[in-house]
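Trainee: Sequence:
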Amino acid sequence: MVRRLLWLSVFVLMLIPVYGQNGKQHKSRMKDSVMIDNVTITGKSKTQRLREGSLSVNAIDVHSMVSSISSLGRLVDRTAGVKLREEGGLGSDFDLSINGMSGNSVRYFIDGVPLDTKGSDVSLANLPINLIDHIEIYKGVVPTWLSSDALGGAVNIVTNRRHTNYLDASYGFGSFSTHKGDLNGQYVFKNGLTIRPTFGISYSKNNYMMRGVEVWDEESREYIEVDRRRFHDDYFSMLGQLEVGFTDKWWADEFFIAASYNKMNKEIQTGQIQTKVIGEAERRSDAWSLSANYQKRRFLLDNLDANFSLSHTWDHSVTVDTAYRKYDWNGDFIKSSRNEITGRARSIRHYKRPLTLVRADFGYHLAEGHFLNLSYSLNRTGNDRYDEVDKSFEPANDALVKHIAGLSYNQFLFNGKMSNTFFLKDYINHTSINQTDIPTVTGSRDVAGSHTTNNLGGGVGLRYQPVGLFAVKASYEHSVRLPLARELLGNGTTVYANVALEPEKSDNVNLGFFGTLKNDDHTFSYEVNGFLRYVDNYIQPQVSEKEGMMQYVNVPAVHIKGVEGELRYDWQQRLQVVGNVTWEDARDRQEFKSDGKPSVTYNNHVPNRPWFYASAEARYQFRHILSRHDRLQLGIDYQWVHWFYLSWEGYGALETKARIPEKNIFGAQATYSWQNDRYSIAVNCDNLFDRTVYDNYKLQKPGRALFIKFRVNLL
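For what it's worth, the numbering used here labels the leading residue of the sequence shown as 17, then goes sequentially.
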């Protein structure tokens, strides 16, 4: 109650509030008014304006690189303070950390709407790249208009919203029998009716070489290390979407109805440890979605903008685990009395997780440079689960319901040199838990039934830029994150439920400075940020090496501190060089356990988390190679990650403890385009020197991989 009164007092003292970070079309009039009055930002790109806002945010321009990139994940992985760790090849599970906060503490959105509305298996790995204009990565402090309970940050994928007819199609193929095809287009009729089709397909056998894995040798009667190819890791994903609606009408700036379908088939090669080899189990999913979105400036009142969205997703996944076999890396097996994943009875486990989302967002222009924003979202996720063959499995129908409301007030002062953001958020979480199976593992018997909790959060963002060469910004948020269905209820394959999970709470602080120096030919920019995260009930994945299963658990207190820096250089829009480095220190700060005994993990680094890493890339562009309207771009990139421990330092002897080894990998790219980028061909090489690389949970990643991509962009 005291905290709520404190935040309310802050709002009263502010007198007038602000309109937050841009990102949605209904805010365009507000952005324009600022741009007209402040000539110092005229001509800046959308991504540059985002980076120079009051919140700590990375902004990645995807549109200008669509021809050359083959993976959104690798693009995000090269930004300051961000680290993406995959558990294998294309389609594998991954973990994205932002300033030390990772996993489900980070939320994903597409045009401000949760990405889950497309299906739980839609991710950075299988979104059509041609669809995307830019990516916004918010660190620690998340704007209210996203209506989210993100704790560590948020990734907002912003799609193209052109006003002309176009067709953008690409196809690529590469190592490990990998194929990707994307199509995105738009046709606008004379009456304003607009049709936007989107289609993406991805496939890979992921049959890359596993180096130094153990197999039993009959002659020597011992385990030996050999190289073997993965043999049960095929991945297939398809995403189709059709949007139909109107733009620029008197009654709506945008009104679209969309239908989408996502299908995913994934063979499972290992559990959370690669010594446990799986040869038969697989996972399949289908997701249908219907949605409607309405945007209107001057909605009912001249100074009021509105954005409404409604969607429902039918999400159905099936995990097939019926083989009583135990495989090795030779592809051989012996008969077993247990299934492959969980070591229990044969199972064909179904999870139906319907998702209903209702969102409303209002922006009010109080006065010149002063804006008010009110947002609300309702998110309901069901969990209807049953098993076709395991008669001992108890069906259940659980539900998670979230209500999130946000109020923000933004100022643009001193001719745009200063911008401030003040906000409050309210989180209401309702759970209805019916499952009671494996209570000693999941805690289901203790928390079955309905429960409702309410939490309050809020924060502030400040930015002052007296000159272009130097600016300072600071932000703070007391944030709350409600556990996801995957964390509470498991995933039906490699993750146990833990229905006793508590919400995470964190006080997040950012302080940084940035600037840009520019003359006719050269542009140099820099940014340095420091960050603190004080987290209670930190939700951490915990792996059982015996079973190869994972479960999310609460760590009572985790403190994270760190610093990141990035340098950018551009010469005549021909040569671009970018480099960044990040150091972060995440430690368990619970000194005593609940029984009063000292905690062995006190002051330990949080395991399975990189803490020191850097990346660099350089691109050079040649023009007029064969004609007046062609160009050749060559690029190289480098990533380095310091080694880190797989498990808590306090358990066992440090000298024998498992480590994720240091990573040193290079990549190279070449892209040739002609007829003003209408046609292009690109060649990418990842892991250029074919290093053996380990990543999340010390799972081995692919070696050297080539990918060739063709693109046609008709305007």
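Quick caveat, the hints were computed from the structure, so don't treat them as lab data.
It cannot be assumed that every hint is accurate.
[Claimed, not checked] With a straight-line Cα cutoff of 30 Å, these simulated BS3-like cross-link-like pairs (lysine-lysine) come out:
(1) K342 <-> K221
(2) K206 <-> K433
(3) K221 <-> K62
(4) K206 <-> K265
(5) K613 <-> K577
(6) K577 <-> K521
(7) K62 <-> K279
(8) K577 <-> K673
(9) K433 <-> K312
(10) K577 <-> K714
(11) K433 <-> K279
[As the list claims (entries may be wrong)] Distance ranges between label pairs, derived from CB positions:
(12) V242 <-> W659: 18 to 26 Å
(13) V544 <-> H79: 36 to 44 Å
(14) W659 <-> Y618: 21 to 29 Å
(15) A383 <-> R590: 37 to 45 Å
(16) Y618 <-> R590: 50 to 58 Å
(17) M225 <-> L472: 49 to 57 Å
(18) T672 <-> H79: 46 to 54 Å
(19) N431 <-> F705: 48 to 56 Å
(20) A383 <-> N181: 36 to 44 Å
Where is the CB? At the ideal position from N, CA and C, for every residue including glycine.
Trainee: Confirm or reject the claim that V242 and W659 have a C-beta distance inside 18 to 26 Å.
Mentor: 24 Å, holds
Trainee: Can you tell me whether the CB distance of M225 to L472 sits inside 49 to 57 Å?
Mentor: Given a distance of about 52 Å, which is inside 49 to 57 Å, the answer is holds.
Trainee: Given the hinted pair K342 and K221, is their alpha-carbon gap at most 30 Å?
Mentor: Between K342 and K221 the Cα gap is close to 21 Å, so the pair holds against 30 Å.
Trainee: Would the hint linking K206 and K265 be met if the CA-CA limit is 30 Å?
Mentor: This hinted pair holds, its Cα atoms lying about 12 Å apart.
Trainee: Just tell me: holds or violated, for the beta carbon distance of Y618 and R590 against 50 to 58 Å?
Mentor: At roughly 53 Å between Cβ atoms, R590 and Y618 fall inside 50 to 58 Å, so the hint holds.
Trainee: Lying within 46 to 54 Å: is that true of the beta-carbon distance T672 to H79?
Mentor: For T672 and H79 the Cβ distance comes to about 49 Å; the hint holds.
Trainee: What's the verdict on K577 and K673, does the C-alpha distance respect the 30 Å limit or exceed it?
Mentor: 25 Å, holds
Trainee: Is the hinted pair K62 and K279 satisfied, with a Cα-Cα distance of at most 30 Å?
Mentor: Distance ~33 Å between K62 and K279 Cα, so the pair is violated.
Trainee: Hinted pair, alpha-carbon criterion (30 Å max): K433, K312. Please report holds or violated.
Mentor: 29 Å, holds
Trainee: Tell me if the straight-line CA distance from K577 to K714 falls inside 30 Å.
Mentor: 24 Å, holds
Trainee: Take a look at whether the Cβ-Cβ distance between A383 and N181 falls inside 36 to 44 Å.
Mentor: 39 Å, holds
Trainee: Determine whether the Cβ-Cβ distance between A383 and R590 falls within the hinted range of 37 to 45 Å.
Mentor: 44 Å, holds
In the structure shown, a violation is registered for the earlier hints numbered 2, 3, 7, 11 and 13, in ascending order.
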